[in-house]
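Protein sequence lines, in the order shown, are assigned to chains F, B, C, A and Y.
Every letter in the first sequence is one number past the one before it in this note's numbering, and letter 136, counting from 1, is 136.
Every letter in the second sequence is one number past the one before it in this note's numbering, and letter 41, counting from 1, is 41.
Every letter in the third sequence is one number past the one before it in this note's numbering, and letter 166, counting from 1, is 166.
Every letter in the fourth sequence is one number past the one before it in this note's numbering, and letter 5, counting from 1, is 5.
Every letter in the fifth sequence is one number past the one before it in this note's numbering, and letter 330, counting from 1, is 330.
Where hints are given, some of them may not hold.
Taking lysine to any residue and the SDA-like style, the derived pairs with C-alpha atoms no more than 25 Å apart in a straight line are [claimed, not checked]:
id, chain 1, residue 1, chain 2, residue 2
1, B, Lys370, B, Asp263
2, B, Lys279, Y, Pro306
3, B, Lys93, B, Glu366
4, C, Lys171, Y, Met323
5, A, Lys75, Y, Gly347
6, Y, Lys348, Y, Val119
7, C, Lys126, Y, Ala199
8, Y, Lys201, C, Gly49
9, B, Lys147, F, Leu20
10, F, Lys134, Y, Met323
11, F, Lys134, F, Pro106
Residues on chain C that point at chain Y, a partial pick, calculated with CB under 10 Å [as the list claims (entries may be wrong)]:
id, residue
12, Arg47
13, Ser88
14, Gln91
15, Met113
16, Arg123
17, Leu125
18, Met127
19, Trp133
20, Met188
If you're looking for bench data, these hints aren't it; they were derived computationally from the structure.
C-beta atoms are modelled at their ideal positions from N, C-alpha and C, and glycine is treated no differently.
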Amino acid sequence: MLYSVFIDPFVQMAEMPDFLLQVLWEGFVAGVLYALIALGFVLIYKASGVFNFAQGIMVVFAGLTLVGLHEKGVPAYLALVLTIGVMGLLALAVERFVMRPLVNQPDIILLMSTIGLTYFLVGFGEFVFGGEPKQMITQELGLPTGSSAFEIGDGGLLILQHIDIAAAVIALIMVGVLAVFFNKTRIGRALRAVADDHQAALSVGISLNQIWAIVWFAAGIVALTTGIMWGARSDVSFALEIIAFKALPVLILGGFTSIPGAIVGGLIIGVGEKLGEIYWGPLVGGGIESWLAYMIALIFLLFRPQGLFGERIIERV
Amino acid sequence: DELFVPLFSYRTGPYAGSGIPIANGMHDYLTMLNERDGGINGVKLRIEECETGYDTQKGVECYEQVKGAGALLINPYSTGITLQVIPKASVDKIPVLSMAYGLSAAAIGNTFPWVFNPPDTYWDGASAIITDIARREGGAENLKGKKIGYIFLDAGYGREAIPLLEQLSETMGFELLQYPVPGKEMQNQSSQWLNIRRDRPDYMVMWGWGAMNPTAVKEATKIRYPMDKFYGVWWSGGNDDAAAGGEDAKGFRTLNFHGVGSDYPVIADIKKYVVDAGKSQVDPAKFADNLYNRGVYNSMLIAEGIRKAQEIAGKPMITASDMRNGLENLDVSEARLKEIGMEGFALPMKLTCEDHSGHHKVYIVEWDGKDWQKSGDWFSPDVGTVKPLLQKAAEDYVASNSPWPERTEPCLNK
Amino acid sequence: MSNRIKHVELHVDDDGLAPGDVMLKLDNVSLAFGGVKAITDISFDIRKGEIRAIIGPNGAGKTSMLNVINGFYHPQKGVITFRGQARSRMQPYEAAASGIARTFQNVALFKGMSTLDNIMSGRTLKMHRNFFWQVLHVGPARNEEIEHRLKVEEIIDFLEIQHIRKTPVGKLPYGLQKRVELGRALAMEPDLLLLDEPMAGMNLEEKEDMSRFILDVNSQMGTTIALIEHDMGVVMDISDRVVVLDYGRKIGDGTPDEVKTNQDVIDAYLGVSH
Amino acid sequence: MTASASTEASPQRNILAVNNIEVIYDHVILVLKGVSLTVPEGGIVALLGANGAGKTTTLKAISNLLRSERGEVTKGSIEFEGARIEAQTANELVRRGCIQVMEGRHCFGHLTIEENLLTGAFTRRDGHAAIKHDMEMVYDYFPRLRERRSSQAGYTSGGEQQMTAIGRALMSRPKMILLDEPSMGLAPQLQEEIFEIVKKLNRQEGVSFLLAEQNTNIALRYATYGYILESGRIVMDGVAKDLRENEDVKEFYLGVGGEGRRSFKNVKHYKRRKRWLA
Amino acid sequence: MLYRESGQYKTSYIADQAIFPIREDRIGMGLIGLAAVCIPFFASDFFLNAIMTPFLILALAAIGLNILTGYAGQLSLGTGAFMGVGAYSCYKLTSIFPDVNIIVLVLASGLFSAAIGVVFGLPSLRIKGLYLAVTTLAAQFFLEWCFIRIPWLYNYNSSGAIEVPERRGFGDVILTGPSASAMTQYFVVLGIVVAITLAVKNIVRGRIGRQWMMIRDMDIAAELMGVRPLTAKLSAFAVSSYLCGVAGAMFIFFYLGAAEPSAFSITLSFQVLFMVILGGLGSLVGSFFGAAFIWGLPIVLRAGLPALGIGIAAETVFHIATMIVGALIIFFLIVEPHGLARLWSLGKEKLRVWPFPYG
Ligand SMILES: Nc1ncnc2c1ncn2[C@@H]1O[C@H](COP(=O)(O)OP(=O)(O)OP(=O)(O)O)[C@@H](O)[C@H]1O
Ligand SMILES: Nc1ncnc2c1ncn2[C@@H]1O[C@H](COP(=O)(O)OP(=O)(O)OP(=O)(O)O)[C@@H](O)[C@H]1O
Ligand SMILES: [Mg+2]
Ligand SMILES: [Mg+2]
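The following block holds chain F by itself, in its conformation from the complex:
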């Protein structure tokens, strides 16, 4: 028993190093994609203290819009531009009709409003584009397809999908740009202020309307990127929305307010759950991936209740 838990998995790892590498790579890629979803959450949370439940559906919505437009005959790049436009409009609408009237309300109310938004977008998206899964227009967008295989040791094989490499690169660039933007600029500080206290932020002249429009737009762009990358792996369909839950442990691990946290959290979860599922999962019948991420996050939390990079929860009287 102890052997199969503590030793055997490592023996297996050592026996097939190429496979271990492949597992790590798959975990890495999954982690990057989780991180992308989490990033969208972080942006909005940072800027308003709102946990944006709709981020997952925004991913689907953005992807569907892109593919849907293309299906209607719009050239790929033009469709991309138009989709960005649509996400901009969505940001404006959300700011105007959801966030603005709910200024200064408790977090949970804002959370609820984004759930309402989710319903609306699901209905609207399916109404316009139908419910069929659509294939991502990977090639048309000039994204790499295909894969490369590397020989490792004798007979070992590591297969890397080009699209996965592209996803990792794009995600890292995105995280970098956003991290700089939000930490080093005036807007960045204003965002954190807004998240702390809406009313005080208003009172010092921070324009919530403008800020929220900006971050929702940024989150929309992140959603679009995520949609393209996930879509390339499977299909663009509403089933993707469910994967967005995986962003939760990622977020919590990284800390709700940290952009680098999203990527670190994503990688820990991505790699952790792959290793767990492949090497330990069989001990209990497999399928543990569905909860392992949450357990990993939970264990981290017991030691750091605010996540790895999150802001300390202030307790003072």
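Fit chains B, C, A and Y with the ligands to the known structure of chain F by using the hints.
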């Protein structure tokens, strides 16, 4: 007056990808009958879809809704919903037609007088796939020591085939490896396929649905699994499912029990009376693809059931319990197929009081990179193995659901 | 609403201390947060029955001192003796159980509850009926509720806040919130009551009212009071002894008059002598 | 309305004019029942009144923060520099030069003191150097803040937070400041200092002030004009000097009856009634 | 003045603490009670089966979650799984004790989910707010996994689903199983829900409820006033999970009749959460409003929309219903963030000052 035929369908949610073509096919065939023949024997059909989203809870709701409205039969289109409504329908006396899905044991007509699962049960499907594998290996004895992987949607549907596969693995001596895919992880199967890569099964069998199928096909091509050793049950045979893998998915094969393509008079009629008349929701590019045709086949069973019921009842307006008689006495002959424009589209089929499924012949279609192609001939599942197991499963069902009502419905085709 | 309770009942102590005995004693207590030394090496005591004021400039460590006393902060160094017993790391609820109640500088009322419920919440420690009686809400549980409700009504009458009994406290103006908070602390019938700037944000009249309440509590219920306040008029008038902090250190301790003339205190805090 | 009558006569230009506003919370709770007041350009006006009189509500109505509390101005008008502002957003008002220091500090808990101050300069466009200069100025006013500049505001003491809130408002270089209980929680010498700062900004830079303050004594010493608010109505207004002389104000707000300062020790045990309500 | 408190003096604290201190409220409740009893005699089976019964059951689950989230301030996304624990326990209990009255078993099954709730509530001592949500999500997904992976739970059925057996009680009335009548099931559910709601009302207005609210509103202050976070939080988890468990058991036994693990998925958790928030955090009536809205509205829309525009496709109805529900959620939050319950009491407030616009 009209005959109320509710169709449970799902054009929304994670399973819409498979649900939409099916719903279109079912809907369009029945509409065609209305348009072309003015219904069946002069009675128009009232076709109403109830959107379930493949969600059992909504399915129950749909059931309650149509039950009150005088439904002729229930057509749940989800194994989960079928399992839910079987006990209810048996009490409410509404026949359930679960065509090639649902509870395999429901084939035992004496236990489940109100449930029908023609032309084949899942166990027939599983046995057919193993039969084909055995054929390719040059005989059942060569399966000994082989590894067969089973990747399935971890829900009532995917698990339905496991008892049979386990049984076969025991008798035939192959090793069965199971790879469950949780419903909410359908689009994220990299772990399962990593495991498959490590275990290197000789054959893969898939029981997938909705977004699970295209993702699996893609993942299989990614790990460079030999696609011609990758089998799907009939429900993994959507055109979009295989197309996700594109050229790389060439060789992927699934079971089938009806024609592919549009070269049949019945399909031409649907096009003429329904699609071209703007009465269908189908995307013209996807007209007559594999799952669409399956919907058509499903509706043919409904229509033929109604006809039979009318014949037995001796009047065109029938009730749900007449409908049960119709289905139980269903006998679609070669000649009848020809009459309804389905010659070559389907094989003749027949149900009896004892056997509500029929264990009919199936064949294999293979993906050529663009479309499904028939590969090989129609062949029979291993009925000798399947039947006794079904009998036992039905007994188990009765035992665990006691008091289960005795069959009181008379058997007319005796 | 009922006006049956005319008389505020006296709380009788049973800790065996006579008025004037040392009730709480701090010896060389130090507390630091990272680099910030909130309290450095402070010793002082609070005697039973007195009103003890703690004053000092902003950030001197006054609030931290109260936090140490009721167990919310744990000092790195020093000994705290309460009723003759040295206390090791004590959890806040244990402090509460041993008879220490307090109010807060930033009003810390239970925002979602009415005034009545807020004050009832002060009775938590005194209520014991178990879960099953509570579910039924008959007999003992109901009697208990009513018995404590009577007590709370006394306090409400005493603080003259009858009219806001059922108002959610979040909607009250600041001054009334402070008063409700005092009521909540009183409901605990504490032996030692810690008040953190109870009169901030009040106008003169309200401060007079508040002073009256504090004096009454002290004299009628015999409650020992430690009080932080920036209004020197109030402090000098109502307190028995004053301790002065600056930068976490004690710079003065004595009667109001002594403190008033202490040059260190004048330099660091008062600015001009009052 | 005595309030408007007396000010209309004055020849000075008003930077702020509140005309007969009514405020309702939650659609049902009427809090301000026709409040009018004016602040002349370069004036310091004090708004006095008991708990719950509606001072905070008045200030929030002016700075447009009511909406976020589910309150609304249902009647009357508010003008800043001659333009109607009721329909504007709070940040627009700050941009125009009117900023509020909110009651109860409202610091950004997770930001450091310095970052808090910088958010005050959010609307400014006059460059880094100018902002830096002003920050030094704030630190000179409140040396304590300089010591704690890199602490998270949420962990600082009440007084430190109050200083931060005031400093933050100063950072926006406003034309007018609405101060809600500025002296709350500050040590006595600092209270005096705050008002010195008010006076200095007023003299040197012509900043106008409207302050709601409980410490009537100080407030009336520094203010030029005062209004007294009771249960949502202005009950008295006048030049600060006159108010200080008023018998009622003396008794109820300044605590100096006929016989000099009363001791808190000997306060009477009965509720007195304010004469002007009679 | 159609509705007023004035003129109704309370002469004792007992009267003051009554659940409905105002006469108009008592009359209103009486009418609702009467309606609840009479409905089955007029309504169709569909209305009872698909709307009323699940509405009541989900309202109970919402009350359960409301205790945790609305009263004790601990956000939970694991309601679905806790309901599942109740359902599976009840299923096991019925097969172990086939002769015990099913209602007893339903009530007992809540104890199991209470125990599990306490275990998953332990981290709440250290983890707060949205962060706590992840612990409950862990519970949700872990338990869901158990429902699939532990065949003992569903008696090794090959389908992995549980089927409700037929059980009789109260003489020979069929209570569960496919042959039970809609009316019987409705009345059983109504009885259980009303009884439990009253018990919960008693808890929340007493000491225990106040402790929960203290922890919710300001945990530090609560602790400084003598509330032990451990007991307060865990008791909230226990009571909350108990109610969810009972609701889960009823959901299967009196409504669905059979269930696969996916019946207790995260979707259900969210659905219940919507009910709580939309109805009003910390309000028991609110839970009923919320449940009626979230459960009833889509069904009514789906049934009603086709009647308006003839010939809308089923899925279009579905899409439009989804959109409307989403938009209405946002709309109601904007009108009144504190939920329908608050809207209700504001409405009463308006009536009180009527005919004046405000008082
Ligand atoms: N939890 C903490 N973490 C970090 N620093 C703290 C903490 N608590 C207090 N401090 C610091 O300790 C010092 C003393 O704070 P304290 O609140 O005790 O002051 P105070 O005397 O009450 O001041 P005031 O009169 O302004 O309320 C302050 O500089 C404060 O910033
Ligand atoms: N958000 C709110 N909802 C409902 N009523 C409110 C709200 N805020 C304040 N009130 C009510 O408005 C009245 C005026 O309150 P306000 O805060 O303006 O008084 P104030 O004069 O500033 O008092 P203080 O000196 O105590 O700060 C009070 O009776 C209060 O109960
Ligand atoms: Mg302090
Ligand atoms: Mg105020």
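Now for the hints, and whether the structure bears them out:
1. For the suggested pair B:Lys370 and B:Asp263, the alpha carbons sit about 17 Å apart, so the restraint of at most 25 Å is met.
2. The suggested pairing of B:Lys279 with Y:Pro306 holds, with an alpha-carbon distance near 17 Å, which does not exceed 25 Å.
3. Using a Cα cut-off of 25 Å, the hinted pair B:Lys93 and B:Glu366 is violated, with the two alpha carbons roughly 40 Å apart.
4. Annotation: proposed proximity of C:Lys171 to Y:Met323 is violated, straight-line Cα distance about 35 Å (limit 25 Å).
5. Distance hint between A:Lys75 and Y:Gly347 is fulfilled; the C-alpha atoms sit about 22 Å from each other, no more than 25 Å.
6. For the hint pairing Y:Lys348 with Y:Val119, the CA-to-CA distance comes to about 41 Å; that exceeds 25 Å, so the pair is violated.
7. Taken as a hint, the C:Lys126 and Y:Ala199 pair is honoured in the structure, with Cα atoms around 22 Å apart against an allowance of 25 Å.
8. About 42 Å separates the Cα atoms of Y:Lys201 and C:Gly49, which puts this hinted pair outside 25 Å; it is violated.
9. Under the criterion of a C-alpha separation no larger than 25 Å, the hint pairing B:Lys147 with F:Leu20 is consistent with the structure, at around 22 Å.
10. With a C-alpha separation of about 22 Å, the suggested pairing of F:Lys134 with Y:Met323 holds against the 25 Å cut-off.
11. As the CA atoms of F:Lys134 and F:Pro106 are separated by approximately 38 Å, the hinted pair breaks the 25 Å bound.
12. Among the interface hints, the one on C:Arg47 is violated; its C-beta lies about 23 Å from the nearest C-beta in chain Y, farther than the 10 Å criterion.
13. Look at C:Ser88: its Cβ only gets to about 18 Å from chain Y, farther than 10 Å, so that hint breaks.
14. The interface hint given for C:Gln91 holds, since its Cβ lies 7 Å from the closest Cβ of chain Y, which is under the 10 Å cut-off.
15. A hinted interface residue such as C:Met113 counts as satisfied when its beta carbon comes closer than 10 Å to some beta carbon of chain Y; here the least separation is about 6 Å, so the hint holds.
16. Interface restraint check: C:Arg123 against chain Y, minimum CB-CB distance 8 Å, threshold 10 Å, status holds.
17. Interface restraint check: C:Leu125 against chain Y, minimum CB-CB distance 4 Å, threshold 10 Å, status holds.
18. Proximity of C:Met127 to chain Y holds as hinted, the smallest CB-CB distance being about 4 Å (cut-off 10 Å).
19. Interface hint at C:Trp133: satisfied, since its Cβ lies 9 Å from the closest Cβ of chain Y, which is below the 10 Å cut-off.
20. Interface restraint check: C:Met188 against chain Y, minimum CB-CB distance 7 Å, threshold 10 Å, status holds.
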